[in-house]
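There are 2 protein chains.
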Amino acid sequence: MTQKRKIVQCVPNFSEGRDLDVVEKIVAPLRGKEGVNLLSYEPDKDYNRMVVTVIGEPQAVKAAVLEAIGVARELIDMTKHEGQHSRMGATDVVPFIPIRNMSMDEAVELASEMGKAINEAYDIPVFLYEDAATKADRKNLAKVRKGQFEGMPEKLKDPNWAPDFGKPEIHPTAGVTAVAARKPLVAYNIDLDTTNVEIANKIAKAIRHSGGGYRFIKAGGVEIPERNICQVTMNLTDYTKTSIYRAFEAVKMEARRYGVNVTGSEVVGLVPMEALIDAAAYYLGLYGFDMDKVLETSLME
Amino acid sequence: MTQKRKIVQCVPNFSEGRDLDVVEKIVAPLRGKEGVNLLSYEPDKDYNRMVVTVIGEPQAVKAAVLEAIGVARELIDMTKHEGQHSRMGATDVVPFIPIRNMSMDEAVELASEMGKAINEAYDIPVFLYEDAATKADRKNLAKVRKGQFEGMPEKLKDPNWAPDFGKPEIHPTAGVTAVAARKPLVAYNIDLDTTNVEIANKIAKAIRHSGGGYRFIKAGGVEIPERNICQVTMNLTDYTKTSIYRAFEAVKMEARRYGVNVTGSEVVGLVPMEALIDAAAYYLGLYGFDMDKVLETSLME
Chain A
9 MTQKRKIVQC VPNFSEGRDL DVVEKIVAPL RGKEGVNLLS YEPDKDYNRM
59 VVTVIGEPQA VKAAVLEAIG VARELIDMTK HEGQHSRMGA TDVVPFIPIR
109 NMSMDEAVEL ASEMGKAINE AYDIPVFLYE DAATKADRKN LAKVRKGQFE
159 GMPEKLKDPN WAPDFGKPEI HPTAGVTAVA ARKPLVAYNI DLDTTNVEIA
209 NKIAKAIRHS GGGYRFIKAG GVEIPERNIC QVTMNLTDYT KTSIYRAFEA
259 VKMEARRYGV NVTGSEVVGL VPMEALIDAA AYYLGLYGFD MDKVLETSLM
309 E
Chain B
9 MTQKRKIVQC VPNFSEGRDL DVVEKIVAPL RGKEGVNLLS YEPDKDYNRM
59 VVTVIGEPQA VKAAVLEAIG VARELIDMTK HEGQHSRMGA TDVVPFIPIR
109 NMSMDEAVEL ASEMGKAINE AYDIPVFLYE DAATKADRKN LAKVRKGQFE
159 GMPEKLKDPN WAPDFGKPEI HPTAGVTAVA ARKPLVAYNI DLDTTNVEIA
209 NKIAKAIRHS GGGYRFIKAG GVEIPERNIC QVTMNLTDYT KTSIYRAFEA
259 VKMEARRYGV NVTGSEVVGL VPMEALIDAA AYYLGLYGFD MDKVLETSLM
309 E
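Read top to bottom, the protein sequences are chains A and B. To convert, take the position in the first sequence, counting from 1, and add 8; that gives this note's numbering. To convert, take the position in the second sequence, counting from 1, and add 8; that gives this note's numbering.
Just so you know, these hints were derived from the structure itself, not from any lab. Among these hints, one or two may not hold up.
Which copy is meant is left open, so a pair is good if it fits within one copy or across any two.
[Stated by the list, open to error] Here are the simulated lysine-lysine pairs, BS3-like style, with alpha carbons at most 27 Å apart:
id: 1; residue 1: K301; residue 2: K12
id: 2; residue 1: K301; residue 2: K33
id: 3; residue 1: K14; residue 2: K41
id: 4; residue 1: K301; residue 2: K53
id: 5; residue 1: K191; residue 2: K301
id: 6; residue 1: K14; residue 2: K147
id: 7; residue 1: K191; residue 2: K154
id: 8; residue 1: K88; residue 2: K154
id: 9; residue 1: K301; residue 2: K249
id: 10; residue 1: K124; residue 2: K163
id: 11; residue 1: K41; residue 2: K12
id: 12; residue 1: K301; residue 2: K260
Computed from a prediction, not measured in an experiment: that's the story for all the values here.
Starting from the given sequences, assemble the full structure and let the hints guide the process.
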């Protein structure tokens, strides 16, 4: 318990969400391995896509996910893939998120090792994105993936879009994979007591970066008819700089303009302890506080 | 990482806070042991007492603390002990607090094993208190320790105060030790923008159990002259039932009566993650939330 364990999270997305037999075969290499903890996998039928979350020791996680990518290469044929989510490969994206005792530089290094390994083992071309990007216009995944699977053969011929690893040719059935290092992302939704989605959209626009709002908020409005409400649905892309409580208070403040109330909020998926404790510290006016005062911190070193 | 580790905290108090050589010898057995993490030790000169916090695997923690108790028995002579804190033994109290994957029943069992081991190894009589108490009037430490070291030879002759382990005779130099199982305690202080300690006292009385307030709040008023404020200083003895945010809001509510404001608060020592996250969940109106959504939870299993 005295050695400081490095912990990384990896959230690979695979282009299969319908055939549960294939889904199980892809995640199989992530089970029962020393230093690897499979936290969740969520096949989605509409997207025909699966988001997997694993956490653990960096090299062990890398090796296990590499195996899963090999299974996806064998079992997914992108020439026959249909689904509502933008995609370009059997293994579409492989982001690494440093969680404990690990710098972003180390996560970038790990992503780079992974990109090289994927290409060498499976002959799939690889782009690096987000903090691992080698060029400014590769930071944003949407730009990297633009054109999708079908447009990639043409896109790769552009010297500006030569892959970071591999020849400028897609794998015929597995396409192209993008590997990243990035900060943990908090998916956070705030409920509004209105059925008017225009109000949710206007609030989302006011608080998000692209609309002039907070630097690390991506947001949109969405209607939840079965609950008779709307939500502002958000990704906080750097909770250490744009906190949960700030998003919450900003939405409350904007909602006032429309005579609408915030009635609650929800975290989707996993959230780092610090993101919530920071909110507690704000509302309680805690001073002289740091994460070493949290008992569990000592259990994770 | 797949096996659920049981984690216990132990907070032994030793009757030495002045001789730092003795202090170091007592904590030495708690260092560098597999499964034992020495979090802090704080010798206090006025009290002539030291509070030690260790955390780790139950049997490993028990064995290491037992060793430390042996050192305290050799090096502390209670017939010569002076200090402002109530005390009855070289090792005065040994509370165990279940932290993860461990029930209170298991902590009670561990406390009982420890009491037996202390008596067998060192011939020190032992009382069990709090959740480990074998009689109702042994639950409260203050009652158990009443009479202190000097009064114990007489007290033990009373059949009602026969020790839980050992003969009804104190150890001539190490006295008597009390072992407990209890819930984690949160030490929490709230700042008031007043120098009138009477107001802090009145608020403390209104919110604490003994004054008709919350079941698991012990509280008092205290003046902090160097900061020109007063505080309500609290122990939350079961934060799962009387939450931090409830104490905070209750003090704010009572302070209004005196035209006084709450300006902030502080946690003293260690606080369980859940105690703070519960406050975040309250202020953000989080629904559908449980601790498994906290990323770090998966790192502690």
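Hints, verified against the model:
{"no.": "1", "hint": "K301 / K12", "result": "both (17 Å within a copy, 23 Å between copies)"}
{"no.": "2", "hint": "K301 / K33", "result": "between (42 Å within a copy, 26 Å between copies)"}
{"no.": "3", "hint": "K14 / K41", "result": "both (16 Å within a copy, 21 Å between copies)"}
{"no.": "4", "hint": "K301 / K53", "result": "between (43 Å within a copy, 23 Å between copies)"}
{"no.": "5", "hint": "K191 / K301", "result": "both (23 Å within a copy, 17 Å between copies)"}
{"no.": "6", "hint": "K14 / K147", "result": "within (25 Å within a copy, 42 Å between copies)"}
{"no.": "7", "hint": "K191 / K154", "result": "within (22 Å within a copy, 55 Å between copies)"}
{"no.": "8", "hint": "K88 / K154", "result": "within (19 Å within a copy, 80 Å between copies)"}
{"no.": "9", "hint": "K301 / K249", "result": "both (21 Å within a copy, 21 Å between copies)"}
{"no.": "10", "hint": "K124 / K163", "result": "within (20 Å within a copy, 75 Å between copies)"}
{"no.": "11", "hint": "K41 / K12", "result": "both (20 Å within a copy, 15 Å between copies)"}
{"no.": "12", "hint": "K301 / K260", "result": "between (30 Å within a copy, 24 Å between copies)"}
Violated hints: none; the structure is consistent with every hint.
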